[in-house]
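K.L.:
These are the residues of each chain, in order.
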Amino acid sequence: MDTHMPPRQKLVVVGNGMAGMRTVDELLKRNPLKYDITVFGAEPHVNYDRIMLSSVLAGEKDLEQIVINPRSWYEENGIELIAGDAVTAIDTQARTVTSASGRVVAYDKVLLATGSRPIAPPVPGLDLPGVCAFRDIADVNTMIAASQTHKRAIVIGGGLLGLEAANGLLRRGMQVAVVHLMGTIMERQLDKAAAELLQRELDERGMNFFTNGQTEEIFGEGRVQGVRLADGREIPGDLVVLAIGIRPNIDLARAAGLAINRGIEVGDDMRTSIPDIFAVGECVEHRGKTYGLVAPLWDMAKVCADHLAREDATSDYVPAAMATRLKVTGIDVFSAGDFIGDETTEEVVFRDAARNTYKRLVLRDDRLVGAVLYGDAQDGGWYFQLLREDKPLGELRDTLIFGQAFASLAAGAPAADPTAAVAALPDEAEICGCNGVCKGKIMGAIAEHGLTTLEGVRARTKASASCGSCTPQVEQLLALSLGDSYAKPTGEKPLCKCTTHSHDQVRRAIVDQGLRTMPAVMSALGWSTPDGCHVCRPALNFYLLVAWPGEYQDDQQSRFVNERNHANIQKDGTYSVVPRMWGGLTTADELRAIADVVDKYAIPTVKVTGGQRIDLLGVTREQLPHVWKDLNDAGMVSGHAYGKALRTVKTCVGSEWCRFGTQDSTGMGVKLERMTWGSWHAHKVKLAVSGCPRNCAEATIKDFGVVAVDSGWELHVGGNGGIHVRATDLLCKVTTEDEVLEYCGAYLQLYREESRYLERTAPWIERVGLAHVKQRIVDDAAGRKALYAKFLYAQKFSQDDPWAERAPGKAAAAPFRTLATVE
Amino acid sequence: MDSVGIEGRWVEVGAMDDIPRQGARVVATPRGDVAVFRTLDDAVFAVDDRCPHKGGPLSQGTVHGHAVTCPLHNWVIDLETGEACAPDEGCVTRIPVRVQDGRILLAMVA
Ligand code: SRM
Ligand SMILES: Cc1cc2nc3c(=O)[nH]c(=O)nc-3n(C[C@H](O)[C@H](O)[C@H](O)COP(=O)(O)OP(=O)(O)OC[C@H]3O[C@@H](n4cnc5c(N)ncnc54)[C@H](O)[C@@H]3O)c2cc1C
Ligand code: SF4
Ligand code: FES
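Line by line, the protein sequences give chains A and B. Last residue of the first sequence: 822 (numbering that gives the first Met the number 0), numbering continuous. Last residue of the second sequence: 109 (numbering that gives the first Met the number 0), numbering continuous.
Quick caveat, the hints were computed from the structure, so don't treat them as lab data. If you're wondering where the values come from, they're calculated on a predicted model, not measured in any experiment. It is possible that some hints are incorrect.
[Unchecked claim] Simulated restraints on C-beta separations:
hint	chain 1	residue 1	chain 2	residue 2	range
1	B	H72	A	P603	19 to 27 Å
2	A	R70	B	C90	46 to 54 Å
3	A	W656	B	E88	54 to 62 Å
4	B	H72	A	E804	25 to 33 Å
5	B	H65	A	D571	22 to 30 Å
[Claimed, not checked] Covered stretches of chain A, as calculated for chain B (at least 3 residues, CB under 8 Å):
hint	region
6	525-533
7	553-559
We put the CB at the ideal spot given by N, CA and C, even for glycine.
Only chain B is shown next, with the shape it has when bound in the complex (with noise of 0.2 Å):
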């Protein structure tokens, strides 16, 4: 997830504490709203803020280990793979992300 490709950059979005656990906030970004997640064991995800199914805020969802649940429909989405939980079908994109010294940065195309 570290490499961003020729024409990517990284940019600063906020801190760790900014997030609180098993919880999300939102980034506005040139390509729609961006939901960046911390989990409970401190991981962080960063996704489209557009649940696959009808577009429900997944910032706005319940994060239970690294998975969230839209808070329209409840389907839940892997935030390792983007992809909804079975019996449900779709995908979201995800933003590479990374912290470094407790900063959040994300991977954004020029």
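Just chain A, with the same shape it has in the complex (with noise of 0.2 Å):
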């Protein structure tokens, strides 16, 4: 151990939320060992996405999706969580924190990021049950409850939070009444043109409006029953949701002797009135503002953390423009920036009243201050962006009204190119508001990773995660990167029954999820069985092989029988045995000891296969091990004739013998079989290698067929003969022995990690395309090399011969035993 490491900080963290948890999340990333670090959180839960709550008060989503930093976060960077249990009180001069249980913590640094709570109006009857606000995970628990029990609800507040919780509490299936103190709902982010749709719209739905109404008393003995309006209006509920606004949480800062206003008062280097002391998020007052939005609370983290992380940090917060959307499930609206203007603005509305959309855009000396976009809010990214540049609009302004897919079209941009508006935007440009993630990042994040998926970016990123807005921007950035092959999600078949998921999403969710086993890919997945069937298990396991070689320890339980015995069954239950003959070599040794194998065990039928060898038909069950130790001990091995695997390599005489062999095809099919034999694949693979084209190896119906020419080798792919025969098509010509190995290689680890599970190679490419395929293998060198490492790396498992595995006395050969005999 280093001895001159400076003893590490104590860092006490006061609020587990969304704010305190990114500015730890940030500091670790730029100085890991800089302090030990305790969390205090008056909710018992990990970090969870407080902006998703309204997703999942409308069912759409589970409480464990949410979650942001799981408890292994906490773990795996040593962090302590005191979940449950509040900070009482700070005392500056001690340097310790005391919290409602008790527990006394010392600091050298706090970080306050307590949030705010609900504004609760004046009125009676606030602590009658069946009141709650819309703040937390025990709100929303409150709300579902009751939803279950109840019929009628009232939501006091018609902004963005009220409405959202009317939307869930509709969805729940309670009448829902909207109580709301302005003309116009959500005027803190609409005009009122674009209000007056949105209500219409939400009352078609079911919502019941109830503006200018000012809350008296909300009345009910034992329980709420409803709210009585200044006016008189007397509205039944059986449930009441205060949504009327939040109020920094600053109570805990003012008892310490803080500078406080409206919020915590912060400097740019969110540092408190008491250096030792910064706070974060909705509890701080930042140069008069406090902030309501997860946006800014991501710059506050980046800039807390550079102080918290080096003493001579010099970077400031600087407030930014900020846009808003509701997020109720079929209803685009957004906003952003100064949406109402004043004598100094102009606006530019538009308005389609079949299509139910409304714009409106203001400007100032020709810049976009703001916008509001309701029915058709595409576009708000692409505004968003032009605000927070904050330039000249010029030319722009006269087609900005009609969008970005307009005004690129206008400047001249090809058309009708869906990505052209995505790819236009410079790189700080932000795509996820939410999680603050600029296009950049995804981009970056797309090219380290290999990401195909959506899921994908969100794994990654964050981006597209939260409210799921920006989800078409993302999916234009992935097809931006990935070009034709990014396969937006499409309504392809489930894997089988005990699944919604297709086979593509299972194999994406085993990488991007990091799932390792049987159990975690039908737990994470939402399975419907307890142990799938006899259709998805034989594909989990592959794809889990595939996904995590040398890791993933192979389920025989879930192999079809001719994998799990390592044999054919046959139609009377006895089984075939083939062993492998490399390249279609033996010898007489070979033959002797088949012969004697034969004799030995009474086998009825001996047939040499189409593939090139020899088959041993009606060998029992018992058999099989005691069969299989006799050829291994004649130095054969299993040849897999039974297995989703490589099978044979066929070859001809070649160059050797033959007299038009142009090179050596069977030397070049046994190096072909000694590197793939024992690999597992969606489906039977077999090769084949002729000396010259007149391909008595038929290696143009083969899965990868090389055909020797005077200056090289053709590689081939794709064929199989069976029902729907198909020639191969020509990949390539290479020169060298190596070159065959190398391609041959990274073209079945293609196959391997792209095919769905019993899809052979022709279907895949006929799926995929050719031009795919010849990209990744013939033009991407390093990305050929690359699978070709992967290739070579999995076989490093799987090249133990099963049947020696299985000899007679080990414990693998149990199963072939009879258990009992019961006379």
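Reassemble the complex: the two chains are provided individually, in unrelated frames, and hints are given to aid placement.
P.N.:
If you want it as structure tokens, here you go:
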């Protein structure tokens, strides 16, 4: 250990919410060793995505899905989490904090991230059972429980939060009334016109609006029974949700003697009036402003982490314009910046009554300063970007209102390319407002981690993982990076009856979510059966084997009988045994040993197969390990004639003997078979090498066929015999044997990674396209080498002879024995 | 399932640990091979090792839930009832089975 390491300082974080934990996350990125960190959270939970409480209420997500930092994150980073215990005092002299349970912890630095609390209206009845706010998990649980036993809900407050609460309760089958103080709803985010459109739409969905309604009393006996408004209107209800606003949570800071106004006052460096105490999030007041959306919190977190990590940091928090969207499925509402305007602004308004859309842009000095979109908010990100850039619009002004696609068209950009819009955005353009993720970061993650799916981007960058309204843009970025190979989730068929997920979705989830066992896959993807069925289990076993070579423990019980018993089952329940003959070569000793085995076990049929080797048919289950042992003793191993695996490498005699042969096709075949034997695939895989274009080894109906020519080797892919014969496509030509091996290994690995279980190479290539395979294997040399390396790595773990492992007397031989004989 | 009838007897055939979870072993008996299954949740079932379809060895099938898929043509047999699941029709004879102190006992008719 380095004895010169400075002793760690103690950081105490008060508030286990979005801003606090993002700051810790940023701090760990900058300096993971500087602090011993203790986090106090008043809520008895790990840090979760508060924004998504709306989706939980609406039944679109469950609580597990909104966890941001699971317990393992705290553990892995050595963070002590004290959840369910609020901090009640900070002693700035003794430099300790004290919690409700009496715990006292000394600190060098404190980070306050106490968020805000819902404002309660000054009316009687707030304590009645059935009255709650909409702020945390406990509130959501209260609402869900009420929706199961009661019918009528009243939401007080027609802002963003109130409407999301009302929508959720409506979706849970309640009748919902919304009481709003103002004449129009969401007046802080929408202008009158958009608000009226929204109100009409929500009204049609079943919300009852009481605008200009001032609540005077919440009444009820034993439980809430309704609210009374100042104008005498009375609304009956068994659940009342308060959503009239929030107020920074400052009691603790005030008691500790920190400077406060509406929130805890902080400087541009996020320090409070006491230099060792920092504050971030909704609890702060910065240059006279408080905040109620997450986007600014991410910027605060970065600046605060800078200063926590280094005493000499110089970064400053600079407030930026903000945008909001309403998270009500099926309703597109967006607003940003100063959308009301004043005498110094002009506005451009566009209304399409037929399509029920409305847009209003506010301009000042030829710059965009605000936007409201209703009905079609696709261009929200683009307007928001223009707004943050704060540049003169110039010619753009004329077409601005028609959106980005039209504006770029007018500017001469290629037409009708849906990705043109995102392509035009600069790297700093913010795509995901909820998580503060910009275009550059998403593109970087796609390139660096080879992401191909929305889920992948979500897992790596958090973009589109919260409210989801930026999903179209993220998908366009994927399309932009991956071109045609980005397959938007289609209505592909479920893998089997146990799941709604398709093969591709399951494969992606295994990799993206790091699922390493079959039970993990089934539980993460919500399998409807406890242990799957004969359709999904072999597929999952294969996918896991490919994803985690050397790590995943092959599950024998999930393999089809032939692969479990390493022999082909026959119609009478006996088996056939096919030893490997490398490249179709054999010797007198091998043949003698085979003959001896046939005699010893009275094997009824011996046949030369179409794959250039010998089949012993009619071996009983109990005989198998013994037959194998004798063959093993003569140097032979399993031929995998039974597996979704590498079967045979057929060869012709080639230049060694044949008068037409141009290369040593037999030797090449043996090398290929030595490299590929034992590999598992989505279907059987057959190779062949012919010594000249006469093609006696039938290489052009093989999964990978090699045809020797004077100047080298032609590589052919995607052929098979069978019911639907398919001749191969020419992949490319190479010169050396090493290249043949490299291209073959890379190609098989690509197939292993992209195929759907039981899809042979021919249908796979028809699905993904030959161009794609060429691009990955021929054009992209580095990619090919990487695939080849992956193949060879996986082979390290698959080239054990399954017969040897099941020799008589070994544990793995037990299943072949009859358990007992009852007379 | 505990009473075997007057002429029945319980015969110990092996230990629970002899059968892998989601697997089966074969017991040779005068009535022919019997397949003894152990499911993921450690329930134990025994049926004749002959598929009602074309006699496939059910013991070599894939065990999932309380069912087995025959290795020959994928009929799915419900081990609790012995019946083939729709759309297939057929039934396999169940043998009473019981587990005592980790030992498996089959009911054999004398
Ligand atoms: C033994 C053998 C026939 C023979 O006596 O020659 C054979 C036997 C079977 N073939 Fe074959 N095929 C045999 C060579 C072939 C060939 C010739 C070749 O490889 O050059 C073909 C055409 C080439 C091809 O695969 O494209 C061939 C195309 C098939 C097909 C159709 C494949 C397709 O993609 O459409 C099936 C069905 C399947 O796999 O789903 C099949 C399936 C089978 C199965 C596994 C049927 C089954 O599920 O029980 C047979 C197993 C018999 C057993 O118990 O051993 N067999 N089969 C050959 C074994 C070769 C070996 O040494 O491993
Ligand atoms: C239903 C809902 C929907 C929302 N939707 C959006 C949206 O779509 N877009 C958007 O930008 N924003 C949205 N928001 C707002 C966003 O969630 C907040 O801006 C953000 O959570 C604030 O983060 P914070 O860390 O400051 O506070 P919080 O996330 O509230 O975290 C503060 C934590 O500190 C704890 N705490 C307080 N006092 C103490 C103490 N003394 N000791 C220990 N712990 C304490 C609290 O219990 C809380 O867990 C939404 C909010 C809600 C409730
Ligand atoms: S393919 Fe060519 S080399 Fe091979 S046997 Fe036929 S003729 Fe000879
Ligand atoms: S013999 Fe069992 S399904 Fe055909």
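K.L.:
Does each hint hold? Answer for all of them.
P.N.:
Structure-based check of all given hints:
{"no.": "1", "hint": "B:H72 to A:P603: 19 to 27 Å", "in the structure": "holds (23 Å)"}
{"no.": "2", "hint": "A:R70 to B:C90: 46 to 54 Å", "in the structure": "holds (50 Å)"}
{"no.": "3", "hint": "A:W656 to B:E88: 54 to 62 Å", "in the structure": "holds (58 Å)"}
{"no.": "4", "hint": "B:H72 to A:E804: 25 to 33 Å", "in the structure": "holds (29 Å)"}
{"no.": "5", "hint": "B:H65 to A:D571: 22 to 30 Å", "in the structure": "holds (28 Å)"}
{"no.": "6", "hint": "525-533", "in the structure": "holds (count 6)"}
{"no.": "7", "hint": "553-559", "in the structure": "holds (count 4)"}
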